[in-house]
Amino acid sequence: MADLMAYVIRKLLLAIPVIILATVVVFMLLYLTPGDPVSALSPPHATKEQLDAIRQEWGLLDPPWVQYGKFLSRLVHGDLGTSIGFGTVSTPVSSLVTQRLSNTLMLMGIGLAISYSMGIPLGIIAALRQNKLADRSIMVFTLVTYAMPSFWLGLLFLLLFSVYLGWLPAKGTTGGLGSIILPVMTLGIGNAALTTRMMRSSMLEVIRMDYITQLRSRGLRERDVIYKHALKNAILPVITVIGLDIGWFIGGAVVVETVFSWPGIGLLLTKAILNHDFPVVQGCILVMAFFVIIGNLAADIFYAYVDPRVRLG
Amino acid sequence: MTTERKPILEIRGLRTQFFLREGVVTALDGIDLTLYEKESVGIVGETGCGKSMTAFSILRLVPHPGRITAGSIKFKGIELTALTLEEMRTIRGRSISMIFQDPSTSLDPVFSIGNQLGEIITLHQNVYDKATLTTKVLEILRLVRIAAPESVIKQYPHELSGGMKQRVMIALALSCSPSLLIADEPTTALDVTIQAQILRLLKDVVSKVGSSMMLITHNLGVVAETCDRVCIMYAGRIVEEAETFELFGKPMHPYTRGLLTAFPKLGEQKEELSVIRGTVPNLMNRFPGCSFVDRCDSATDQCSRVRPKMAEVAPGHLVACHLYPSGGEKDNA
Amino acid sequence: MNRMRISPRRRLNDTLLAWKMSSGVKQFIADVAERGSRNTMVVIGTTIVIIMIAGALLAPVLPIVDPAQLDPGFEEKGPSSNHLFGTDNLGRDVFSRVIWGARISLLVGTLAVLFSLLIGMTLGLVAGYFGGKIDYIISGTIDLFWTFPAFLLALALAAALGPSLTNVMLAISVSYWASFARLVRGQALTIRERQFVEASRALGANNRRIMFTHVLPNCLAPLIVWASIGVADAITIESSLSFLGVGTQPPEASWGYMLFRGKTFIEEAPWIATFPGLAILITILGFNLLGDGLRDVLDPRLKGLRR
Chain A
1 MADLMAYVIR KLLLAIPVII LATVVVFMLL YLTPGDPVSA LSPPHATKEQ
51 LDAIRQEWGL LDPPWVQYGK FLSRLVHGDL GTSIGFGTVS TPVSSLVTQR
101 LSNTLMLMGI GLAISYSMGI PLGIIAALRQ NKLADRSIMV FTLVTYAMPS
151 FWLGLLFLLL FSVYLGWLPA KGTTGGLGSI ILPVMTLGIG NAALTTRMMR
201 SSMLEVIRMD YITQLRSRGL RERDVIYKHA LKNAILPVIT VIGLDIGWFI
251 GGAVVVETVF SWPGIGLLLT KAILNHDFPV VQGCILVMAF FVIIGNLAAD
301 IFYAYVDPRV RLG
Chain B
314 MTTERKPILE IRGLRTQFFL REGVVTALDG IDLTLYEKES VGIVGETGCG
364 KSMTAFSILR LVPHPGRITA GSIKFKGIEL TALTLEEMRT IRGRSISMIF
414 QDPSTSLDPV FSIGNQLGEI ITLHQNVYDK ATLTTKVLEI LRLVRIAAPE
464 SVIKQYPHEL SGGMKQRVMI ALALSCSPSL LIADEPTTAL DVTIQAQILR
514 LLKDVVSKVG SSMMLITHNL GVVAETCDRV CIMYAGRIVE EAETFELFGK
564 PMHPYTRGLL TAFPKLGEQK EELSVIRGTV PNLMNRFPGC SFVDRCDSAT
614 DQCSRVRPKM AEVAPGHLVA CHLYPSGGEK DNA
Chain C
647 MNRMRISPRR RLNDTLLAWK MSSGVKQFIA DVAERGSRNT MVVIGTTIVI
697 IMIAGALLAP VLPIVDPAQL DPGFEEKGPS SNHLFGTDNL GRDVFSRVIW
747 GARISLLVGT LAVLFSLLIG MTLGLVAGYF GGKIDYIISG TIDLFWTFPA
797 FLLALALAAA LGPSLTNVML AISVSYWASF ARLVRGQALT IRERQFVEAS
847 RALGANNRRI MFTHVLPNCL APLIVWASIG VADAITIESS LSFLGVGTQP
897 PEASWGYMLF RGKTFIEEAP WIATFPGLAI LITILGFNLL GDGLRDVLDP
947 RLKGLRR
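Listed in order, the protein sequences are those of chains A, B and C. Residues 1 to 313, numbered by our numbering, are exactly what the first sequence covers, in order. Residues 314 to 646, numbered by our numbering, are exactly what the second sequence covers, in order. Residues 647 to 953, numbered by our numbering, are exactly what the third sequence covers, in order.
Worth double-checking, as some hints may not be accurate.
[To be verified] Simulated crosslink set (DSS-like; lysine-lysine; CA at most 25 Å straight-line):
#  : chain 1 : residue 1 : chain 2 : residue 2
1  : A       : Lys271    : C       : Lys909
2  : B       : Lys443    : A       : Lys228
3  : B       : Lys443    : A       : Lys232
4  : B       : Lys467    : A       : Lys232
5  : A       : Lys228    : B       : Lys467
6  : C       : Lys909    : C       : Lys723
7  : A       : Lys232    : A       : Lys132
8  : B       : Lys449    : B       : Lys351
9  : B       : Lys449    : A       : Lys228
10 : B       : Lys622    : B       : Lys387
11 : C       : Lys779    : A       : Lys11
12 : B       : Lys389    : B       : Lys521
13 : B       : Lys387    : B       : Lys351
14 : B       : Lys351    : B       : Lys516
15 : B       : Lys319    : B       : Lys516
16 : B       : Lys351    : B       : Lys521
17 : B       : Lys563    : B       : Lys622
18 : B       : Lys467    : B       : Lys443
19 : B       : Lys319    : B       : Lys521
20 : B       : Lys449    : B       : Lys521
21 : B       : Lys516    : B       : Lys449
[Said to hold, decoys possible] Partial selection, computed: residues in chain C whose CB lies under 10 Å from chain A:
#  : residue
22 : Thr793
23 : Ala796
24 : Gly808
25 : Ala878
26 : Ile881
27 : Ser885
28 : Ser886
29 : Leu931
The set of hints was computed from the structure by calculation and includes no laboratory data. Predicted model, so just to flag it, every value in this text is computed and none were measured. In this text, a Cβ means the ideal position worked out from N, Cα and C, and glycines have one as well.
Please construct the entire structure, taking both the sequences and the accompanying hints into account.
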């Protein structure tokens, strides 16, 4: 276990510069906007006094490193700036984000659970029945779902279950189970395809390994050979990509929340972009980037816990 | 020197074939072999001659698309080829065990040594109590001369050296005191310096447990150290069989002779290493007659038409070669 | 002189045969064509890709309605004999808009992948071949870009730069290059150690020559596979960005943009969104099949299919 602790500490230390890098990139986004940075930060038809005030507040007249310093210190205090669009009252971005964060996390969490609880068993079945009907149909299924962009799958579900069948509500959190089903299924099924394929190829590789034949030669029950030994080995490469999957889910959440009007950070981001509300855009992206990095970190640690060979890395 | 010992393993006419898209490969073409209690027999031959496949056939582990297509394998009187896979499973690991060639790929990398050993002991000896299990695991690790077994049981395969891993393999194989241990090239993947250690260990432990051993190797030196009897295999057939000293002293079959002369002897001055000319025959299209015919300097016309049968040319010494009149029967391959 | 009537198919076969006899690139292509034609995925994928590209290229000359032409009185009508895919809310023919949309979507997809490829290949080559500090810096960068979801990065960039066709291409290129860089770097690292490189150097070849004549050709096979899958990914990203409103803008109406507009009418006139959506799906499927199929043909050991 000691080596695991050492690994965790190493990874934590490595994550810090990455987070800092992310803040730098997000900071620089302001300068990518067309025109004077101040116009991205101010409401349309702002007066000269308002523009000057904003310049002052954001320190746009200061040299870049000072600006960044101010930006960073504001971040550390949890200040993500003020929205220029929502409502008539200036709402701090951070409160907009915190309101919606839990919704997005819920969506992602359940989506991940669905994806893995579908993908792993399907992958195992496909591997154990290689080239038979079960395998081929699972492969076709993954091919088709993998090719569907999330927004299209979402729209399809919307059309099918809301518009034509009227079973499920189309928008928002009108309550409980009904409204969350479609979004999480969209996310879950979209990612399940990749999990299935990885699981299948990993499993196929593992069952050809020497140690599997060895285990059989020791008289182990076939179900122990497959579900205790082969499975644990085969699932490792699949787990390595949990980090990347988390990244995908965050991106996918933006799209799915937009399709289903699910009140999470993704929808906030989309609306902010269309409203040219730059502070909100910046805030959302920063928060998302942060979660991507943390997600990858957690996945790495989890992986090291499961596979002891990695702890040396 | 004939002691009335009971035969543990009797293989008669074993044929194992692989059904590929391109054709049928006959990996084992009519093997006859007998192993007695508490003896060590070496199976020697070059790569691809079928030695490992003999082991896999005994344990019914022949990989797809292969199958045992003919012959009988009797273990203590039980016909193994007639057993269901479930019945076979009860024999594996308990009555017949096998050690594979490469210890680094033969151990499950994500389970600790203690866990893997414990699994087998629980399975075959129905030991569920954790304390008893640990005791037994430590016991067997000491048997294979692993120092500090208490820390080894917590370790994972990748943390051990090649020699240690092979000791663990031996421990796994002998943990349930099998009557027959099959060792497939147990030292090939190890450093030369470790090889001798492991061989000696193998010999000691096997005799301590009272098992018979079938040692498969391509290295005649290994056989000389550890085996009572030797079988020489070529292209899926056994061509010579004798007690070790007898074989080394009076090799009969041209292939055996070739093998022995290929090794330069200590103190001998040689300009060139002698080789056996030619290459191993294609196992897919078998021609009638002796399989060694293309590479044999003493081949006659009869050799390419008629397959020689194993015949006793001296007490306990059998050869399958037309040089030693045996009345070979028409090959029906 | 009398020209014999040789069918185009026979001509194709003869050419391939002649190429097989030669060596180098021609033989490689002939080999792939032969093995590919036996692989179902490659066949289906290639067919789809060819149809889509043909549709895109031939749009101006096809006998279809002008996509911008309004058909007053016919707004939001479903599929009919006049309008195969129906009309949108302004009375425009959806069928022809879908065909014209192919131009945009495919253009963005292929160009974005091309830029990605160029950036990735260059950086990957330099990193893998020269090693040392350069490699350390470049690999670190590659890792950062590779673990970060491309879609999110593209979204951030497109949001900042403002929606337009070029910005979308740029955003995708910047987000996607890491996959190619990894691939080329890996190859460069392995090839660098090989004996024939030592031999080349001993004969006086300079670095650039070695890189181009030895490293690149070996990367060719996996690059083709990844490029094909890359186009599929690029189209996915572009259509998603356009769907959110940060992608292509009119008059360049990509399929994604059509869905952006069409989703408001999803209940009254679902065909407005459905048909462009189907076009996206089939195109992505086609490129994926092509990539996967080619991978099986070229080297079944190639793994690591990643977003």
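Structure-based check of each hint:
Straight-line distance between C-alpha atoms of lysine 271 of chain A and lysine 909 of chain C comes to about 15 Å, which keeps the hinted pair within the 25 Å bound. A threshold of 25 Å between alpha carbons decides the hint, and for lysine 443 of chain B with lysine 228 of chain A the separation of about 19 Å falls inside it, so the pair holds. For the suggested pair lysine 443 of chain B and lysine 232 of chain A, the alpha carbons sit about 23 Å apart, so the restraint of at most 25 Å is met. For the hint pairing lysine 467 of chain B with lysine 232 of chain A, the CA-to-CA distance comes to about 18 Å; that is within 25 Å, so the pair holds.
For the given pair, lysine 228 of chain A sits about 19 Å from lysine 467 of chain B by alpha-carbon distance, which is consistent with the 25 Å threshold. Straight-line distance between C-alpha atoms of lysine 909 of chain C and lysine 723 of chain C comes to about 16 Å, which keeps the hinted pair within the 25 Å bound. At roughly 24 Å between alpha-carbon atoms, lysine 232 of chain A and lysine 132 of chain A fall within 25 Å of each other, so this suggested pair holds. Proposed proximity of lysine 449 of chain B and lysine 351 of chain B is supported: the alpha carbons are some 24 Å apart, at most 25 Å.
With a CA separation close to 23 Å, the supplied pair lysine 449 of chain B and lysine 228 of chain A stays within the 25 Å bound. The suggested pairing of lysine 622 of chain B with lysine 387 of chain B holds, with an alpha-carbon distance near 21 Å, which does not exceed 25 Å. Restraint check for lysine 779 of chain C and lysine 11 of chain A: the C-alpha separation of about 22 Å stays at or below 25 Å, so the hint holds. Distance check on the hinted pair: lysine 389 of chain B and lysine 521 of chain B sit about 20 Å apart at the alpha-carbon level, within 25 Å; holds.
For the given pair, lysine 387 of chain B sits about 17 Å from lysine 351 of chain B by alpha-carbon distance, which is consistent with the 25 Å threshold. For the suggested pair lysine 351 of chain B and lysine 516 of chain B, the alpha carbons sit about 11 Å apart, so the restraint of at most 25 Å is met. Between the alpha carbons of lysine 319 of chain B and lysine 516 of chain B the distance comes to roughly 20 Å, so the proposed pair stays at or under 25 Å and holds. A C-alpha spacing of about 10 Å is found between lysine 351 of chain B and lysine 521 of chain B, which places the hinted pair at or below 25 Å, so the restraint holds.
Restraint check for lysine 563 of chain B and lysine 622 of chain B: satisfied, since their Cα atoms lie roughly 19 Å apart, inside the 25 Å limit. With a C-alpha separation of about 14 Å, the suggested pair lysine 467 of chain B and lysine 443 of chain B falls inside the 25 Å cut-off, and the hint holds. Distance restraint check for lysine 319 of chain B and lysine 521 of chain B: the Cα-Cα separation of roughly 18 Å lies within the 25 Å cut-off, and the hinted pair is therefore satisfied. Distance hint between lysine 449 of chain B and lysine 521 of chain B is fulfilled; the C-alpha atoms sit about 16 Å from each other, no more than 25 Å.
For a cut-off of 25 Å, the pair hint linking lysine 516 of chain B to lysine 449 of chain B stands: about 21 Å separates their Cα positions. Interface restraint check for threonine 793 of chain C: the shortest CB-CB distance to chain A comes to about 6 Å, inside 10 Å, so the restraint holds. Because the closest C-beta pair between alanine 796 of chain C and chain A is about 8 Å apart, less than 10 Å, the hint holds. The beta carbon of glycine 808 of chain C is positioned within 10 Å of a beta carbon in chain A (closest approach about 5 Å), and the interface hint is therefore held.
Given the 10 Å rule on beta carbons, the hint for alanine 878 of chain C holds: about 7 Å separates it from the nearest Cβ of chain A. At a threshold of 10 Å, the smallest CB-CB gap from isoleucine 881 of chain C to chain A is about 8 Å, leaving the interface hint in force. A hinted interface residue such as serine 885 of chain C counts as satisfied when its beta carbon comes closer than 10 Å to some beta carbon of chain A; here the least separation is about 6 Å, so the hint holds. With a least beta-carbon distance of about 5 Å to chain A, the hint placing serine 886 of chain C at the interface is held under the 10 Å criterion.
For leucine 931 of chain C, the interface hint holds, the least distance from its beta-carbon to any beta-carbon of chain A being 4 Å, beneath 10 Å.
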